[in-house]
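Here the structure of chain A is known, so what remains is to put chain B with the ligands in place on it, guided by the hints.
In case you want the letters, here they are:
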Amino acid sequence: MGGLLSGAWIDHTVNGLIVGNIYALLAVGLALIFGVSHLINFAHGSVYMVGAYIGWACFRLLDAPLPVTLLAVAGGCALLGVAIERIGLRPLAGSARIAPLLATIGIGLVLDQLAQLAFTPDPRALPSPLPDWRIQIGGGTIGALDLLIAGVGVGSAALLYGFLRFTKLGWAVRATALDRDAAQQCGVDVNAVNRAVYAIASALGGVSGLLVGMYYNAIDPYMGFQAGLKGIVAQLIGGMGNVPGAIAGSLLLGLTESYGIALFGTSYRNLFAFVVMVLVLALRPNGLFSRARQTPPEPLTGTFVAPSRPVRIPGWLLWALGIAAAALPLAVQNAYVLQTLGNAWLYAVLALSLTLVAGTVGQISLGHAGLLAIGGYASALLALDAKLPVALAVPAAGVVTAVLGTLLVSPAFRLRGHYVSVATLGIGEIVALVILNWESVTRGPIGVVGIPPLSAFGTPLLSAPWVYWIPLAAVALVAQVQARLLGSHLGRTLRAIREDEVAARAYGVGLDRYKGLAFGVAGFAAGIAGALMAHVYSYINHETFHAPISVLALTMVILGGLGNVAGAILGAVALVGLPELFRAAAEYRMLIYGVTLLLLIRFRPQGLLGTV
Amino acid sequence: MSTDDAILRLDRINTQYGAVQVHFDLSLAVPRGSIVCLLGGNASGKSTTMKVILGLVAPRSGRVLLGGEPVTGLPTPKIVRRGVASVPESRRLFGAMTVRENVLMGAYTRGDRGAVREDYERVLDLFPRLRERERQHAGTLSGGEQQMVAMARALMARPRLIVMDEPTMGLSPRHVDAVLDLIATINRQGVSIFMVEQNAAHALSIAHHGYVLQTGRIVLSGGARDLLHDPQIRDAYLGGARAA
Ligand SMILES: Nc1ncnc2c1ncn2[C@@H]1O[C@H](COP(=O)(O)OP(=O)(O)O)[C@@H](O)[C@H]1O
Ligand SMILES: [Mg+2]
Numbered sequence: 003m004g005g006l007l008s009g010a011w012i013d014h015t016v017n018g019l020i021v022g023n024i025y026a027l028l029a030v031g032l033a034l035i036f037g038v039s040h041l042i043n044f045a046h047g048s049v050y051m052v053g054a055y056i057g058w059a060c061f062r063l064l065d066a067p068l069p070v071t072l073l074a075v076a077g078g079c080a081l082l083g084v085a086i087e088r089i090g091l092r093p094l095a096g097s098a099r100i101a102p103l104l105a106t107i108g109i110g111l112v113l114d115q116l117a118q119l120a121f122t123p124d125p126r127a128l129p130s131p132l133p134d135w136r137i138q139i140g141g142g143t144i145g146a147l148d149l150l151i152a153g154v155g156v157g158s159a160a161l162l163y164g165f166l167r168f169t170k171l172g173w174a175v176r177a178t179a180l181d182r183d184a185a186q187q188c189g190v191d192v193n194a195v196n197r198a199v200y201a202i203a204s205a206l207g208g209v210s211g212l213l214v215g216m217y218y219n220a221i222d223p224y225m226g227f228q229a230g231l232k233g234i235v236a237q238l239i240g241g242m243g244n245v246p247g248a249i250a251g252s253l254l255l256g257l258t259e260s261y262g263i264a265l266f267g268t269s270y271r272n273l274f275a276f277v278v279m280v281l282v283l284a285l286r287p288n289g290l291f292s293r294a295r296q297t298p299p300e301p302l303t304g305t306f307v308a309p310s311r312p313v314r315i316p317g318w319l320l321w322a323l324g325i326a327a328a329a330l331p332l333a334v335q336n337a338y339v340l341q342t343l344g345n346a347w348l349y350a351v352l353a354l355s356l357t358l359v360a361g362t363v364g365q366i367s368l369g370h371a372g373l374l375a376i377g378g379y380a381s382a383l384l385a386l387d388a389k390l391p392v393a394l395a396v397p398a399a400g401v402v403t404a405v406l407g408t409l410l411v412s413p414a415f416r417l418r419g420h421y422v423s424v425a426t427l428g429i430g431e432i433v434a435l436v437i438l439n440w441e442s443v444t445r446g447p448i449g450v451v452g453i454p455p456l457s458a459f460g461t462p463l464l465s466a467p468w469v470y471w472i473p474l475a476a477v478a479l480v481a482q483v484q485a486r487l488l489g490s491h492l493g494r495t496l497r498a499i500r501e502d503e504v505a506a507r508a509y510g511v512g513l514d515r516y517k518g519l520a521f522g523v524a525g526f527a528a529g530i531a532g533a534l535m536a537h538v539y540s541y542i543n544h545e546t547f548h549a550p551i552s553v554l555a556l557t558m559v560i561l562g563g564l565g566n567v568a569g570a571i572l573g574a575v576a577l578v579g580l581p582e583l584f585r586a587a588a589e590y591r592m593l594i595y596g597v598t599l600l601l602l603i604r605f606r607p608q609g610l611l612g613t614v
Numbered sequence: 285m286s287t288d289d290a291i292l293r294l295d296r297i298n299t300q301y302g303a304v305q306v307h308f309d310l311s312l313a314v315p316r317g318s319i320v321c322l323l324g325g326n327a328s329g330k331s332t333t334m335k336v337i338l339g340l341v342a343p344r345s346g347r348v349l350l351g352g353e354p355v356t357g358l359p360t361p362k363i364v365r366r367g368v369a370s371v372p373e374s375r376r377l378f379g380a381m382t383v384r385e386n387v388l389m390g391a392y393t394r395g396d397r398g399a400v401r402e403d404y405e406r407v408l409d410l411f412p413r414l415r416e417r418e419r420q421h422a423g424t425l426s427g428g429e430q431q432m433v434a435m436a437r438a439l440m441a442r443p444r445l446i447v448m449d450e451p452t453m454g455l456s457p458r459h460v461d462a463v464l465d466l467i468a469t470i471n472r473q474g475v476s477i478f479m480v481e482q483n484a485a486h487a488l489s490i491a492h493h494g495y496v497l498q499t500g501r502i503v504l505s506g507g508a509r510d511l512l513h514d515p516q517i518r519d520a521y522l523g524g525a526r527a528a
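For the record, the sequence lines run as chains A and B.
Residue numbers for the first sequence follow our numbering, so the first one is 3 and each next one is one higher.
Residue numbers for the second sequence follow our numbering, so the first one is 285 and each next one is one higher.
So that you can see chain B by itself, here it is in the shape it has in the complex:
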């Protein structure tokens, strides 16, 4: 099983909040080393997918597999220790802690202090803006800077996989490009990425593979290039007001 070529696999997940079902037999896979995006409109169940992967919400049935090994039902910190880092919806930084503390919190599970210090320098090289803001409280940063802190924090765990919930949401166009570039860069360094997006144009511009989620069901999937040119996608996610 552990020879699974997918770093992450969701296998027929059904999720419910009380009586309301959010996922219906949701299955998808993230091949090692790739960027996979999950597209979907508001309230289609994207964030809940993230929460299921991270063990913050328990599915009613189905399995979450990391590198072929089931992690369903494990507490969140255990899943994180298996190499999954996250960039949550609307960043979720520790507002009253400094940028430095926020970034280093990403390395919470690691014991190798020396290597952590080196990684910290390397990560800050990736986000030079943050170096000037190191001692500032994270809550005082602009949206784009906060997004960078969230990504830096995720990188500090030396993860195998980063899951991101709408990383471009609420950013100015300049910051959107910067963030997308960074995601691609991170991916080239060997980290697999699973990202959830409403903005299909953003996501598909860097992803290798995409899934489309509609009220809890996968209705379409394929290579990013094919999806970009799919008339259905164009109508639903690229044509109208949503296009960037």
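Chain A with its partners taken away, still in its complex shape:
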């Protein structure tokens, strides 16, 4: 070892602290928001992205000096934060706790898409206007921008401390976080407190985005997703809602990443964060600084099951619809239409998988894209490298995904509500990062090319009707299995877990086994979907199954009605099939998904066909 004091290590330490400072600006805001509203704000990363673009506009379009730009970013993002609270979240005050969380996901998606439409997906340069000098300390160096970031970080922390400790509104924020009702009984207007907290958090988040943009001299519309997750990870490390903990967690995360990169290489950067996150969630869900290993704070009644009576679809109608769907290729010869609908069927299998875990055991998974990825890679590699016939590789991939997926998610079994969503999201990211880095098996960033097409008995089934029929058969199979399962005694036990985990545990229901079983079945279905996608697409890489697909799957499931088998299929056809068929909307597709999700949560949480 070159010794910890060698120049390189000083540089890594400085770098870790700088990055930690950036995370802290995000995490502190997330902690404040969690404190007063017990909500993990998934839109926070998008605010950070907006901050970077406001900064870009100030520098490039207005030639504004740095102090003015900083103020403009803070002010603009504060307004955005207030708008998010007022328009997106306050109307949901009375609904199930997971509803606002899903709303923040929708808001984030919409903001990212709007930025992409306005500024193109391409990265832009955001040159720092600071002088380019560096000072030597020991063997390392510190630059002007490093000092600015450190100054903003320390300055914000000091201001925040003063605000919380010495101002009336700051006291109200703390009181609201400690006991909302009691604060109201002291005359605190908790809506005003919420507004203030969103404004402060968003201002800090936006400034963070600006500083990061300057640090790397690059911004893009998707920069917020990873950053927001890092902020959440940092906050988890420090303990949800704990402001000083968020700062400590951020610095720890920054240092871990910086040293990790030094030891293993840059492409592992995000892997550390998500592995740390899953470990913290599994071992110390209250954060590193909590004393005991208790269940996290939050009345975690986290299911999104709006009370409703599911629409009863008569058996004959299901048969008629099934036969019509199967006969469609005889009437429609247009290959594009058939391929699009075939793709919709594949998504329907994914949605069925998600609706099983979300609708029965109440686990709102945000990591289903990871299951698709496992299935896709397993089948592609089994067919290519192990020379397995495709007809065997696909079910084998289903089994691999069932086993691997369940094992990966099992640390999250003892979590509930928001924590499940965060953990599964992290697990999905881990899968993508392992695929990216495990080059000897997965071929890393290059992806897998030349995946053999679907085939039976050595005959490739390339034509459009087959690409339609095979996914349809998968839908029919999975839907059958699931309908049987839900109607059985086992299905009722699973739903009992969703309704009241504590009571189910008290009755001696072995929660882990049932959750494992649900994830096993769901993993098999998602694995098959991913496998079929791989053979249909013939090329996949680590981004083919990216996180927005998890959000899309969730939107389908909510659109159809959580836990509703027919609803999941309907949701997939509506969201994947329709926008493609009407072409016009191709560019706005993700935006449409985000808006759909928001409208559903607000106006029809039970979905089109009702929850089961």
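It is worth saying that the hints were derived from the structure and are not from the lab.
Since we're looking at a predicted model, the values are computed, not measured.
For every residue, glycine included, the Cβ atom is placed at its ideal position computed from N, Cα and C.
One or more of the hints may lead you astray.
Claimed, not checked - Here are some chain B residues pointing at chain A (derived, C-beta under 7 Å):
1. L358
2. P361
3. R366
4. S370
5. S374
6. A380
7. G390
Claimed, not checked - Here are the simulated lysine to any residue pairs, SDA-like style, with alpha carbons at most 25 Å apart:
8. A/K170 to B/G398
9. A/K170 to A/A160
10. A/K170 to A/P246
11. B/K362 to A/G96
12. A/K170 to B/E385
13. A/K170 to B/R365
Same frame as chain A, but now just chain B with the ligands:
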């Protein structure tokens, strides 16, 4: 209307949690300057009455009148600003804030800083124990001390009316007497008190007037002295294990 001689009046309140009805045509009045108690067993709907008064739970029908003016449907902070302070069930202090901060949170709605500082000193004179604990986190205090903080917090609002939910619950007999004395003292300074209690002996020893609530219905009411000697009350609330 504002010449109502009652500081608080509930007028035929019906309250429901989902399908479960908690109040049935609940009516009562708190005359200005008096102590009125609402007695009732577990789950009879006492705490819900407090929540209705404070606007934390909306009644399905009926009216809440403060000094003759309807406040039904107003958000809690607005009702508080009309001069209602509260000592909630099991105190509900801000555990990770200091005693000083907790007490001063009671003055949240007030803008007169100088007067607030004077009131703070005066309130602490009433609770000398708290002076020693000023910088301590409220969560670390004993039950009796927490009750004092809750009462001090309520007083800081300079309220016209304080509503209290089981202020003697869980206190040692020595603290019970101290708390009851304080409530009487506060009342003598002109603050009306509406308190909810399971322990009829405690409540009636200082109250002027009492109501008895049974599964959401007022079944009995009268002067505190009469109620103390009412055979029905004696059997239900004073005779058995509940008597203190
Ligand atoms: N938030 C709530 N949701 C549903 N039911 C409630 C709720 N709060 C209280 N209850 C029910 O209402 C009834 C009255 O409760 P409460 O007013 O707390 O009674 P008390 O204070 O007299 O013990 C009880 O049966 C209780 O279970
Ligand atoms: Mg009660």
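Comparing the hints with the structure gives:
1. At a threshold of 7 Å, the smallest CB-CB gap from B/L358 to chain A is about 12 Å, leaving the interface hint violated.
2. Given the 7 Å rule on beta carbons, the hint for B/P361 holds: about 5 Å separates it from the nearest Cβ of chain A.
3. Taking 7 Å as the C-beta cut-off, the interface hint given for B/R366 is violated, the closest approach to chain A being about 10 Å.
4. Interface restraint check for B/S370: the shortest CB-CB distance to chain A comes to about 5 Å, inside 7 Å, so the restraint holds.
5. Annotation: B/S374 was flagged as interfacial toward chain A, and the flag is violated, the nearest CB pair being 10 Å apart, outside 7 Å.
6. A cut of 7 Å between beta carbons decides the hint on B/A380: the least distance to chain A is about 6 Å, and the hint holds.
7. Against a cut-off of 7 Å between C-beta atoms, the interface hint on B/G390 holds, since the closest Cβ of chain A lies about 6 Å away.
8. This hinted pair checks out: A/K170 and B/G398 have alpha carbons roughly 15 Å apart, not beyond 25 Å.
9. Distance check on the hinted pair: A/K170 and A/A160 sit about 17 Å apart at the alpha-carbon level, within 25 Å; holds.
10. At most 25 Å may separate the alpha-carbon atoms for a hinted pair to count; A/K170 and A/P246 meet this at roughly 20 Å.
11. Between B/K362 and A/G96, the direct Cα distance comes to roughly 20 Å. Compliance with the 25 Å bound is thereby established for this hinted pair.
12. Note on A/K170 and B/E385: the hinted pairing holds, with a Cα-Cα distance of about 10 Å set against a maximum of 25 Å.
13. Of the pairs offered as hints, the one joining A/K170 and B/R365 holds, with about 16 Å between alpha carbons and a cut-off of 25 Å not exceeded.
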